[in-house]
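Quick note, the sequences are listed as chains L and V, same order. Numbered by UniProt numbering, the letters in the first sequence go through residues 1 to 348 in order. Numbered by UniProt numbering, the letters in the second sequence go through residues 1 to 529 in order.
I should point out that these hints are in silico values taken from the structure, not numbers from a laboratory. Backbone N, C-alpha and C fix where the C-beta goes; we use that ideal spot for every residue, glycine too. Check before you lean on any hint, since a few could be wrong.
Computed footprint of chain L on chain V, listed as stretches where at least three residues anywhere in the stretch have a Cβ under 8 Å from a Cβ of chain L [as the list claims (entries may be wrong)]:
no., stretch
1, 49-56
2, 441-451
Reference excerpt, derived from the structure (chain V facing chain L, CB under 8 Å, subset only) [what the hints assert, rightly or not]:
no., residue
3, D126
4, G210
5, V211
6, N241
7, A242
8, D252
9, L318
10, G321
11, D424
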Amino acid sequence: MIAFLIKRLFHAFLVMFIISVISFAIQDNLGDPIQQMVGQSVPDSERAELREELGLNDPFMVQYLRFAKNAMHFDFGYSYFYGEPTIEVVLRHLPATLELVFATTVLIMLFSVPIGVYSAIKPRSPLSRLFMGVSIVGISIPVFLTAIVLIQIFAIGVQFTPFPVDTGWGSWLNGLLSTDGGMPAYGRGDVVHVVGTWSTNFASLEGLSYLVLPSISLASIMLPLFIRLIRAEMLEVLQSDYVKFAKAKGISMRRIYFVHALKNTMLPVITVGGVQIGTLVAYTILTETVFQWPGVGLMFLDAIERSDIPLIVTYLMIVGLIFVITNTLVDLIYGLVNPTVKLTGKPA
Amino acid sequence: MINKKTLLAALLGACVALPLPVLAQDSSSDNDPVTLRVAYDADPVSLDIHEQLSGGILQLSHLVFDPLVRWTQDFEFEPRLATSWEQIDDTTLQMKLRKGVEFHSGNAFTAKDVAWTVERLKRSADFKAIFEPIDRVEVVDEHTVKFHTKKPYPLLLNLSTYIFPMDSEFYSGETADGKNKSAIVKNGNSFASRHVSGTGPYRVTERQQGVRVEFERFDNYWDEQSPGNVDRIVLTPISENATRVAALLSGDVDFIAPVPPNDLQRVRAAKDVKLVTMSGTRIIMLQMNQKRVDAFKNPKVRQAFAYAINQEAIADRLMKGFATPAAQLSPKGYAGHNPTLEPRYNLEKAKQLMKEAGYGDGFSITMMAPNNRYVNDAQIAQAVAAMLARINVTVDLKTLPKAQYWTEFDNRAADVMMIGWHADTEDSANFFQYLTECPNPDTGAGQYNAGNYCNPALDEKVAAANLETDREKRAKMLQAVEKALYDDAAFIPLHWQDLAWAADDNVQIEPVLNVMNFPYLGDVVVKPE
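Looking at chain L on its own, in the form it has when it is part of the complex:
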């Protein structure tokens, strides 16, 4: 166990090292940070001076070593735009993203398990077919489109009047098709401060209302994936010998489905799920941009637009770290759930 964790710690350092080298290597292609810092009429001599001051003229190795030396002391440099240590900027934006990812995960867990199991148990029922059809659509529509449609329907509202307005039944049908909107369309609203840089949306109904549309659109990509995964796994498990055996033994179907089969279905789901939650942090870039959710995704996109290189590098390294951590956790949990898997790789 300890050996495993140490190995993972080493992995984390390796990942972060590689990310930092790569992001440093491409920085020249990210645009000129000076251009973003100064007004149009600043003469070239001033720009050159600023470039020298920021050390942008130094050779690659010198710049990288300077960065690496400071990074060892958890000093990742100053963001050009925020004028603060990048690590502080990222940590300030991280809670918003984590809350969004958490809300999305809850949504996915609430819906994927029942729907996935149902459509495995009754693969031919019309409802299952509907779920499968909708999930294909969900996977195929890009997140930003889902988001914009959600905003139009639930935040702005749509008015359809295909039926005569002056009749009772007509206006009732029109009302069914139309929405008033009213959901918040952007941002986090007024958040409640918890501790440190963490302010939460979970403290009030109003705060939660800001989470609804972003988390649904973020879930729209992952939810179908999980439904299909759970369904496929469950179908496979239901074919297996021990389920047949259980049936033959006369155990109630409910117990077979929800105790014996589901347990084994969830094993691969945990693996995929853990990795996908890491991916979710990355997917938030699109969702956060559309909803102007002030998390790390939006911050990262803005940083790219502003050529805020120190911030870009720090963000990439921290996301890399998050991936390593979630993977490690998944492996640990997997070991707990399935004792036949030995983390250290020694024969059982």
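Chain L is fixed; fit chain V onto it per the hints.
Okay, now just chain V, sitting in the frame of chain L:
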């Protein structure tokens, strides 16, 4: 272990939780504080108004500070902290300052603050170039200053719109960790970038960079004539165009800028929301690099290009009327605007000129344009490429995000490059100095002249105009320069990009907007619903 009941409960719970009730908004009566929720595409980079010369910083300046004078909607000067001014001799302008003005810190505003602010502007990397003509500011008495210029300078009042007196006492001395409070730091955490004290209508009460800035009406604001009735402003940056519009339409914010051209129709058609557009002052143009392409040295080829490009079609169809077709640099209202110059699209003539120049069969060029800097920039470049194809010019077009584009622009990496320019001084001479003068790295002239067009005779005329204090005479000189550039086809002007704002019907934005795009929100009136 999961059983059916818990599953059902969870499902039910989720269904109930989804359509969350939206909290009813308090209807405001006359006594309630009025809040204006504003969404711009970006928030100001810093609270230090001398850190960067940009739209965002100037918008902030007009909220938290007051300029000496400011522009009215028809390019006149309106007295603000300066009440009157008088040209004493060729190089001296005397200004009387407003009495009884207080900074947010409680310090009184005096002539000393003006002198201090100009001295600081002359240290700012972004402002020093345009403040170069000012030699020094002399404090005559508590409320009188004299501006001494090095040479006769006709644009002192234009410059005064950029002088937002800062609280010299507040910004002097050292911070707890021994840093100079008045330092201007581009990259990092300076006192002035985090603390602010001006004379303006609003105080900054909270600021989370990139998330929101909150302002509160300053109780002791000097301008008691101001009709402004907004007590609190919440500024949120929403960089995504569609979201900004959605936020307005859904009632989450009251005022947005800019409105993307693709959504103009949608905003115009929406209920309870109004759209205001104005012809802007930012010229979008193409520069033909004579250093890279020999053919561009021939005025006939340049003219052929100018005749081949249909500005009106671009403004009409591509920009959906959201642009004013241009045949010169100076927009209407500028001294140098020459009303006789008009777009000259004429394909026959263009072909003719190409033939005369010996390029009847055309040639190939490269072209670069940004794809997220100006409205529809990449599409405009594509349209231009298609138009040039008709005179047998093959264009190899590359469009890039702005962050990468400017590096390429500085390297003059293509034969034809797109640039948009707004004159910081709201004056024609600024266009010429940066865009058409012979490039000279030592003086900074022609810094953005990617065409390498060079006509020393015209440069002399511009220099002479900048010493001419007679406004009428000066305007004539500048208009002559525009005409000469037009005849010579030094570059291809496309259009002036329009500006658009949108607001809730009860926000009276029209009187406070201007083509400079710094709304005077201190004077905005919100009618109670």
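Against the structure, the hints:
Under a criterion of three residues with beta carbons nearer than 8 Å to beta carbons of chain L, the stated coverage of the stretch 49-56 of chain V is upheld, 3 such residues being counted. For the stretch 441-451 of chain V, the proposed coverage by chain L is satisfied: 4 residues have a C-beta within less than 8 Å of a C-beta in that chain, meeting the threshold of three. Annotation: interface hint on V:D126 holds; nearest CB of chain L at approximately 4 Å, less than 8 Å. Restraint check, V:G210 versus chain L: the minimum CB separation of about 6 Å is within 8 Å; hint holds.
For V:V211, the shortest C-beta to C-beta distance to chain L is roughly 5 Å, which falls under 8 Å, so the interface hint holds. With its C-beta approaching chain L no nearer than about 10 Å, V:N241 sits outside the 8 Å limit, and its interface hint is violated. The beta carbon of V:A242 comes within 6 Å of a beta carbon in chain L, closer than 8 Å, and the hint placing it at the interface holds. At its closest, the beta carbon of V:D252 sits 5 Å from a beta carbon of chain L; the interface hint therefore holds under the 8 Å criterion.
Annotation: V:L318 was flagged as interfacial toward chain L, and the flag is violated, the nearest CB pair being 23 Å apart, outside 8 Å. The beta carbon of V:G321 is not positioned within 8 Å of any beta carbon in chain L (closest approach about 24 Å), and the interface hint is therefore violated. Among the interface hints, the one on V:D424 holds; its C-beta lies about 6 Å from the nearest C-beta in chain L, closer than the 8 Å criterion.
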